[in-house]
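Asks: Using the sequences and the accompanying hints, generate a full structural model.
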Amino acid sequence: MSHPADSDEGMTLAVERDGLVRLTWTPGVRITGDLAGVAMGRVDVHNGDDRRPLLVVMRGTGELTREARMVFARRCTASRIALLGTSAVDRVLANFALGVRSQPVPTRFFTDEAAALDWLRR
Numbered sequence: 025m026s027h028p029a030d031s032d033e034g035m036t037l038a039v040e041r042d043g044l045v046r047l048t049w050t051p052g053v054r055i056t057g058d059l060a061g062v063a064m065g066r067v068d069v070h071n072g073d074d075r076r077p078l079l080v081v082m083r084g085t086g087e088l089t090r091e092a093r094m095v096f097a098r099r100c101t102a103s104r105i106a107l108l109g110t111s112a113v114d115r116v117l118a119n120f121a122l123g124v125r126s127q128p129v130p131t132r133f134f135t136d137e138a139a140a141l142d143w144l145r146r
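Counting from 25, one number per residue, gives the positions in the sequence shown under our numbering.
Keep in mind that the hints were calculated from the coordinates and are not lab data.
In this text, a Cβ means the ideal position worked out from N, Cα and C, and glycines have one as well.
Hints are all accurate, no fakes.
Per label pair, the in silico range of CB-to-CB distance: (1) A138 x M94: 30 to 36 angstroms; (2) G65 x D142: 25 to 31 angstroms; (3) R115 x R90: 17 to 23 angstroms; (4) R83 x D42: 19 to 25 angstroms.
Replies: Shown next, in the form of structure tokens:
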């Protein structure tokens with residue numbers, strides 16, 4: 025179970041009972057550098073001094089700008105990041121984001137939520 029922590033146009037952030045952080049992007053959203061910065065800032069605020077796994081639900085994300093990719097390549101309080109999508113377009117966006125630079129924490133793309141959660145909680 026999770027409880028909503030923050031909600032904004034384009035995204036919702038929730039913290040699971042076991043501490044896992046879930047960032048859900050609204051389908052069709054254009055993720056700009058500013059929006060990415062807000063999202064990662066909220067993750068950091070919720071994590072405080074702790075490092076927690078982060079599940080990013082990106083099903084149907086519309087666009088990921090270059091500036092957003094640069095924000096996501098910076099270190100944050102996530103201990104590892106699973107990107108969850110369903111379509112070939114989601115996979116292309118994830119691969120594009122992951123290819124910008126080496127990621128600061130282990131990061132993988134999944135199409136199966138159970139597999140993503142298992143990997144995050146290991």
